[in-house]
Amino acid sequence: MTKTTIGVGILGAGPVTQAIHLPTLARLRDVFHVVTVMDVEATVAESVAGRVGASWTTSVEDLLANDEVDVVVICSPHQFHAAQVIAACRAGKRAVLCEKPFAMTQKEAEEIAAVSDETGVPIVVGAMHTFDPGWATVKDNWGDLVALAHTIRYSIVLPPNPRFEDFATEVITRPIGPLQDRRDPDVAAGMVRGGIMGLAIHDLPLVRAFCPDFTNLEVLSCHVPATGGYLVDLRIGDKDVLVTGVHTDSWEPEWVFEAIGDEKSLRIDFTPSYVQAGSATAVLTDGHEQRVFGPHSGNGYEGEWRYLAGLVTGHTAPPDIQELIDDLTFALDIADKASHSVRQSTLALKEAHA
Amino acid sequence: MTEQLTVRATPEATITGAIAEVIASLPVSLRAGDSAAGLVAVSGPGWASEAITVATGGARGILAIDPVFTDFPIHAEELLGAKIPIVVDTTWAYNPAVDAAASYFAALNPADTMLESRVETRAGSDLARVLLAQLALIRRATGSAVITLSIHRWKSNGYTAIGSAENGAEVALDAILTDVRPPSAALRALTRQAAVRLTVPDPTTATCGTVTISDQHGAVLLPTAYETAHRAAWRELHRRVNVGATTNDLSALLADLALVVNAS
Chain A
1 MTKTTIGVGI
11 LGAGPVTQAI
21 HLPTLARLRD
31 VFHVVTVMDV
41 EATVAESVAG
51 RVGASWTTSV
61 EDLLANDEVD
71 VVVICSPHQF
81 HAAQVIAACR
91 AGKRAVLCEK
101 PFAMTQKEAE
111 EIAAVSDETG
121 VPIVVGAMHT
131 FDPGWATVKD
141 NWGDLVALAH
151 TIRYSIVLPP
161 NPRFEDFATE
171 VITRPIGPLQ
181 DRRDPDVAAG
191 MVRGGIMGLA
201 IHDLPLVRAF
211 CPDFTNLEVL
221 SCHVPATGGY
231 LVDLRIGDKD
241 VLVTGVHTDS
251 WEPEWVFEAI
261 GDEKSLRIDF
271 TPSYVQAGSA
281 TAVLTDGHEQ
291 RVFGPHSGNG
301 YEGEWRYLAG
311 LVTGHTAPPD
321 IQELIDDLTF
331 ALDIADKASH
341 SVRQSTLALK
351 EAHA
Chain B
1 MTEQLTVRAT
11 PEATITGAIA
21 EVIASLPVSL
31 RAGDSAAGLV
41 AVSGPGWASE
51 AITVATGGAR
61 GILAIDPVFT
71 DFPIHAEELL
81 GAKIPIVVDT
91 TWAYNPAVDA
101 AASYFAALNP
111 ADTMLESRVE
121 TRAGSDLARV
131 LLAQLALIRR
141 ATGSAVITLS
151 IHRWKSNGYT
161 AIGSAENGAE
171 VALDAILTDV
181 RPPSAALRAL
191 TRQAAVRLTV
201 PDPTTATCGT
211 VTISDQHGAV
221 LLPTAYETAH
231 RAAWRELHRR
241 VNVGATTNDL
251 SALLADLALV
261 VNAS
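These protein sequence lines are chains A and B, in that order.
Numbered according to this note's numbering, the first sequence spans residues 1 to 354.
Numbered according to this note's numbering, the second sequence spans residues 1 to 264.
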């Protein structure tokens with residue numbers, strides 16, 4: 001029997017697929033169905049596919065050759081993203097959703113842009129907060145805030161992912177992170193780069209929305225806190241930007257984005273990743289008046305899938321690939337400069353104690 | 001029985017310290033007095049020389065409200081030798097939530113702790129005074145002074161700095177000057193296992209400060225108190241006069257001032 005909903009093929013069946021995309025697609029059964037799940041671990045692929053009655057494979061090529069797959073979602077490790085996005089475009093799929101970052105170098109991003117342009121296949125990057133209804137509605141209402149905001153603060157306090165994943169699904173495989181010594185300059189640099197490209201990258205498109213002069217970027221300081229994570233103090237054009245990510249085993253999560261000017265400000269509290277806990281709540285303050293946007297029942301994950309559906313059905317304009325490249329360039333620039341900064345400061349500290 | 005003490009204030013202190021409101025809220029402990037009052041509030045330029053005058057003139061206690069440091073270093077030695085309690089009433093430090101949080105901050109292992117403090121205050125504020133008040137908050141809340149400070153941004157709309165506390169904890173500070181939100185200060189200690197989060201509201205109101213303790217098992221909000229930092233500072237001064245105890249507020253201010261001057 002031919003299904004009338006949009007067919008989805010999933011590359012990589014780890015926690016992001018298990019805890020984010022499958023639960024989200026379960027909320028959108030009238031729009032999508034999962035055709036096939038690919039993972040390099042056959043047992044993982046089979047088990048995860050079995051949850052949704054899909055076929056499974058360990059071969060990227062097999063999945064891309066499957067004509068029932070309309071949309072490819074790429075949840076593999078970062079280093080495979082670019083090649084798989086390009087392969088999915090060349091396979092003539094109707095849209096590609098790639099988890100962030102969709103490339104790890106500027107060159108990869110430009111190759112992707114060229115292939116997307118050549119094939120006409122739209123690419124969506126899974127920066128879920130850019131699709132969050134709380135963000136989207138406040139963005140339509142903030143008026144001249146971008147010009148007025150002088151300081152951007154973006155802060156995450158992150159309990160371990162399983163705290164949230166386990167409410168979203170029953171995860172059968174998880175990567176294990178090694179303990180790291182932040183006093184080693186290379187380790188500190190790696191921790192910051194990993195933190196920027198793996199965690200901070202979620203909302204760097206939001207930061208960039210407030211930094212029109214985003215290529216004029218200077219790292220004033222970068223520090224790896226005792227808890228692990230990153231504290232990055234930036235000047236971006238004429239904006240002051242603080243980007244903080246702290247890991248903790250404590251209970252209380254925080255995910256806050258703020259843009260503050262002298263007379264106007266914005267604070268957005270996002271719900272945690274993984275869980276289907278509705279949208280962010282945004283508070284826009286203008287003088288002594290506050291307007292609250294959200295929470296909405298749908299979150300950013302649902303938003304990005306609905307956007308994909310619109311692309312496939314032709315009801316939504318495709319994303320501007322240059323915006324995606326600019327987002328990536330911005331993230332890479334911060335990651336490069338912040339990791340360089342922390343390497344230098346850690347090295348100086350190490351030499352001082354030698 | 002509580003001894004009622006008389007209060008007088010310099011003209012600037014009368015305004016900055018909301019003296020009439022404080023006396024009205026502590027009518028058993030305090031009442032307005034004349035030039036011979038037992039407790040004297042000083043503030044503004046010249047506060048230090050004024051403090052010396054009243055200390056040698058028979059006052060039993062002094063409240064230095066939001067002191068600027070123009071003439072303080074000149075008079076520091078003499079003031080530090082005063083035999084009467086001198087309470088330094090900076091913007092946040094005497095809010096009762098700060099004392100409530102202190103034992104919880106102290107219970108954390110400083111080697112594993114990142115202290116993060118954020119202040120939002122009025123546009124146009126004097127950055128050095130904002131930083132001094134923030135340092136006083138950290139010192140009183142954690143029982144440990146910030147002893148190293150590297151300032152990375154210092155401009156009209158705020159500052160950022162990284163440093164370390166006497167107990168070894170690392171410290172990240174920032175301040176934003178804006179008129180869009182009421183002044184507030186926040187201090188949180190984050191470790192892998194637990195967190196202590198303190199918020200201190202606009203010092204001109206008796207809005208509650210909050211203290212939240214969280215770990216793997218949940219979060220607890222401590223009981224809140226509807227008291228301004230000014231009122232709590234007067235209570236502290238009154239208590240110290242009654243028990244005959246001095247304070248180390250001035251030496252702390254002097255150390256923080258040296259830190260700010262060296263860092264900026």
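Wrong hints could be hidden among the right ones.
The calculated lysine-lysine pairs, modelled on DSBU-like cross-linking and capped at a C-alpha distance of 30 Å, are [said to hold, decoys possible]:
#1 83/B - 139/A
#2 107/A - 337/A
#3 139/A - 350/A
#4 155/B - 337/A
#5 350/A - 337/A
These aren't lab readings, by the way, just hints derived from the structure by calculation.
Exercise. Go through the numbered hints given earlier and state which of them the structure violates, listing their numbers in rising order.
Key: Violated hints: 1, 3; rest satisfied.
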